[in-house]
Every structure is written in C-alpha cells, then in structure tokens.
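Chemist: Turn these sequences into a full structure, and let the hints guide you.
Note that the protein sequences, when read in sequence, are chains A and B.
FYI, the numbering for the first sequence is 5 to 237, going by the numbering used here.
FYI, the numbering for the second sequence is 5 to 237, going by the numbering used here.
What the hints contain is simulated information worked out from the structure, not anything from laboratory work.
Please note that the accuracy of each hint is not assured.
Reference excerpt, derived from the structure (chain B facing chain A, CB under 7 Å, subset only) [unchecked claim]:
#1 Gly170
#2 Ile200
#3 Asn206
#4 Leu232
Keep in mind it's a predicted model, so treat the numbers as computed, not measured.
Glycine included, each C-beta is placed from N, C-alpha and C at the ideal position.
Number of protein chains: 2
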Amino acid sequence: IDDYCLEAADSCKEADLVILASPVGSFKKLLYSMRDTLKQNSLVTDVGSVKGRLVSEMEALIPEGVRFIGSHPIAGSDSSGIAHARADLFEGARCIVTPTSRSDENAQRKIMSLWESFGARVEIMDPMLHDEIYAAVSHLPHLLAYALVNTVDDSNPEYLQYAGSGFKDTTRIALSSPELWRDITLMNRENLVALIDRLESNLDLMASLIKNADAEGIEREFSRAQSLRNKLK
Amino acid sequence: IDDYCLEAADSCKEADLVILASPVGSFKKLLYSMRDTLKQNSLVTDVGSVKGRLVSEMEALIPEGVRFIGSHPIAGSDSSGIAHARADLFEGARCIVTPTSRSDENAQRKIMSLWESFGARVEIMDPMLHDEIYAAVSHLPHLLAYALVNTVDDSNPEYLQYAGSGFKDTTRIALSSPELWRDITLMNRENLVALIDRLESNLDLMASLIKNADAEGIEREFSRAQSLRNKLK
Numbered sequence: 005i006d007d008y009c010l011e012a013a014d015s016c017k018e019a020d021l022v023i024l025a026s027p028v029g030s031f032k033k034l035l036y037s038m039r040d041t042l043k044q045n046s047l048v049t050d051v052g053s054v055k056g057r058l059v060s061e062m063e064a065l066i067p068e069g070v071r072f073i074g075s076h077p078i079a080g081s082d083s084s085g086i087a088h089a090r091a092d093l094f095e096g097a098r099c100i101v102t103p104t105s106r107s108d109e110n111a112q113r114k115i116m117s118l119w120e121s122f123g124a125r126v127e128i129m130d131p132m133l134h135d136e137i138y139a140a141v142s143h144l145p146h147l148l149a150y151a152l153v154n155t156v157d158d159s160n161p162e163y164l165q166y167a168g169s170g171f172k173d174t175t176r177i178a179l180s181s182p183e184l185w186r187d188i189t190l191m192n193r194e195n196l197v198a199l200i201d202r203l204e205s206n207l208d209l210m211a212s213l214i215k216n217a218d219a220e221g222i223e224r225e226f227s228r229a230q231s232l233r234n235k236l237k
Numbered sequence: 005i006d007d008y009c010l011e012a013a014d015s016c017k018e019a020d021l022v023i024l025a026s027p028v029g030s031f032k033k034l035l036y037s038m039r040d041t042l043k044q045n046s047l048v049t050d051v052g053s054v055k056g057r058l059v060s061e062m063e064a065l066i067p068e069g070v071r072f073i074g075s076h077p078i079a080g081s082d083s084s085g086i087a088h089a090r091a092d093l094f095e096g097a098r099c100i101v102t103p104t105s106r107s108d109e110n111a112q113r114k115i116m117s118l119w120e121s122f123g124a125r126v127e128i129m130d131p132m133l134h135d136e137i138y139a140a141v142s143h144l145p146h147l148l149a150y151a152l153v154n155t156v157d158d159s160n161p162e163y164l165q166y167a168g169s170g171f172k173d174t175t176r177i178a179l180s181s182p183e184l185w186r187d188i189t190l191m192n193r194e195n196l197v198a199l200i201d202r203l204e205s206n207l208d209l210m211a212s213l214i215k216n217a218d219a220e221g222i223e224r225e226f227s228r229a230q231s232l233r234n235k236l237k
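Modeler: So, in structure tokens, the structure goes:
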C-alpha cells in the first residue's frame, strides 16, 4: 500500500466528510485503505471526471454506515497543483451529482448543499448518462488535442513555431496532466472508443469531399459545425 | 462575371498597390477581372492562408508590367466582417512573404516594408513549404474542430450544453467562416488529405491502447503531446 493511502486512512478518522480529488484511478485503492478508519455516518464524495462504473465500484467498497455520493464539478483548467488553487473555482460552475438507487436521500441532500455553498449550480444525473455526455464534450476533445499535437510531432516538430492562436486554443487541453487523463480515458473506455470511431467517420467524410473537390459538400459540413458551435458562444 | 469583380476592375485603375483579402477561391477570378485595368508598375499581394499552387496561378495570370508577391499575415480570429476590424491587428504578428524565382526583388522589398510598417515580423518562405507547414498547424486544426462539433451533433446535439471551457477552446475555430475555410481546404488538398491520414493513425493508436487498457502506452502518448505543446506556452 502506497504512502498516500496510509496517510488517507489516518487522516479520515475524524472526518465527517471525505472528498476524493486525486486521479480517478486511485479512488478504489484510497477507499479500500480508508475502509476501517472511516467514521460511522460520515460521507464520501469525489470530484472525478468519470462516474458510471466508478460509482458502482465505490458503492460496493464503501463500508456499512458510511455513504458515498459521486460528484463532478465542471471547473478547473489544464493546470495542476496547489499553485493554481482558486478560492472562487466553483462559483457559477455546473456540478453534476450522481446518486443511484442505492443512495441515501439525506446524504444526497448534504452533498448538493455542499456544492451549492461553493456557488455551484447542482444538477442530478444518472452516472452512466454522465459518462456518455462527458465522453463527447470533454474526454474525446482531450484525446483529440493530444492526437493533434502528436500529428504535428510526426510531421515535423519544428513546424510548431508557426502555430497561431487557432492552434494554441485547439490544443490548450493537451497541456493537461497525462496521468489524470490516462485514468479518465481508461475508466470511460467503451464510450470513448465508440466516439473515436464516429469522429473518424466524420474525418473520412471530409477527406473524401476534399479529394473529390466537392466544394458544396465541404461548406455544408463546415456550416453544420459552425451553427451548432454558435449555440455555445 | 460577378458584381464584385466589376467593382474590383474599376477600383484598381488608380491603385499602386492592390491587396486581395477575400476568400482565396475568388482570387483568380478577381485578378482575371482586373487584368486590363491594373496600372503599369503596380503591385499586387494578398492575405490568403494558402500559397503553394495559388501563387503559381497568380503569377501566370498577372499582366506584363505588374508584379505579384504572395503574403500570409498570421493574424485574425474566427470573426469576420468590418465590425471586427482592429487597427493593431498586425502589430507583433508574423507575416510570411512567399517570393518565387519569378519574383521581382524590388517588389519583394516593397511588400516586406509594407508589412513591417504595420508592425509585423516578416519571414520569407517557399510557397510550397508554407502550405505544408500551415496544413499542420492551421488547416488541419480547423478541419478537426469542425469534425469534433459534428461528432457531438451526430451523438446528441443536446450534449453541447454540458461543454466546459476545454470544449469551447478546442472548437472555437469551428466558428470560422465555412466559405473561407472551404476555399483554403480545397487549395491545400494534398497536404491536408495526407495529414488527416496521419491524424487517424494517431487516433487508431490511442483507440487500440484504450481497448487494451494499456495504461503505460496511453500515458506515453499523452506525455509526448504535452511536452511538445509545452514549448508553445
């Protein structure tokens, strides 16, 4: 057992509330280490970017008399570490809370109030639906940003110096922690693999329109994207 | 012949310098319309995002006694139209100037001075190399941003409301003019098709690492991207 697990097991002894905020791949190990020291009637939540199967696994591990409710505050950036801490990080941010049929209603209310007290807009969602949605709007974009930078690396890394603001914005999230995103990617595997496939279909379509110099088709695909993206402005 | 061509033919009569700044697909038509009215010893340049074959085509069309030198100032945003004009747009921006063996040295010096007078950092580059580089750092990212938004559209357009700042940044350039990018895409076709292929290889690699739950491999690919992207910070 790693040092941080021993520390966690020790420091949760007196806690009424435990918030897991390490890479999602460490949650099971952490909870396992804390099993015997968690206080009766205490509450455990997390800030992980995946829920789905992870929530079931956490529920299976949580000891009798302790309650787990999953959370995912949509806040933060590509930066990691205490130097980037912000007191107002959750102010106005969306926070998804993912109770299940096994969840205690009182515990759920407490977790919702916690996030609301930080200024977040709380939304209840099924853990599996959460993972389907965030695969599309967050996990795939991260994977894509990494893949795009690697494509430039494969072509000629020196080309990077010619990048303008478009490239910088498109790949900003490729600055994110590889360890963190490795865990997220692995825990939302099925959704992500299906979406990579769907993305490649769109890329194949564009490649074939370009090869055939189908100006109308290209403009139609670009316009479809532009009008949906406009709704986010 | 379109109205804007007639207007261009008329308004270039007295001009010592003509700057083409419409979608690149219209340049040939415009230059063709201006052929008989361009002043002797006048200079033509452009602000198009593709050079390569376009420059050869412009050189072939330019009338005797008039000189063409291609330019590509790396500035601007996803916005279009006069409402987004900025007096300091080129201040500190890079500007690629692409003379060829057919270019007049005096004309080249004048075009370089023009951009320098706007505050741009001018760099001379071969037109074909320009298109190879900008396919990687600009044209592919645009195509990818459009493809990513379309992938969300194919999954469920309602999911878009859950997007955070990562998705917004990654797809900002999908707000760009479809007409403008249709033309750029078509004029840099060969480079772009080859790069889509290379990007798909990277996506295939990631999909297979994810399917095989190869945590080390995933982290290695993400870290490769992160460290190259860090150089741009």
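Chemist: Determine for every hint whether it applies to the structure shown.
Modeler: Right, here's what the structure says about each hint:
no.	hint	verdict
1	Gly170	holds (5 Å)
2	Ile200	holds (5 Å)
3	Asn206	holds (4 Å)
4	Leu232	holds (5 Å)
Of the hints listed earlier, there is not a single one the structure fails to meet.
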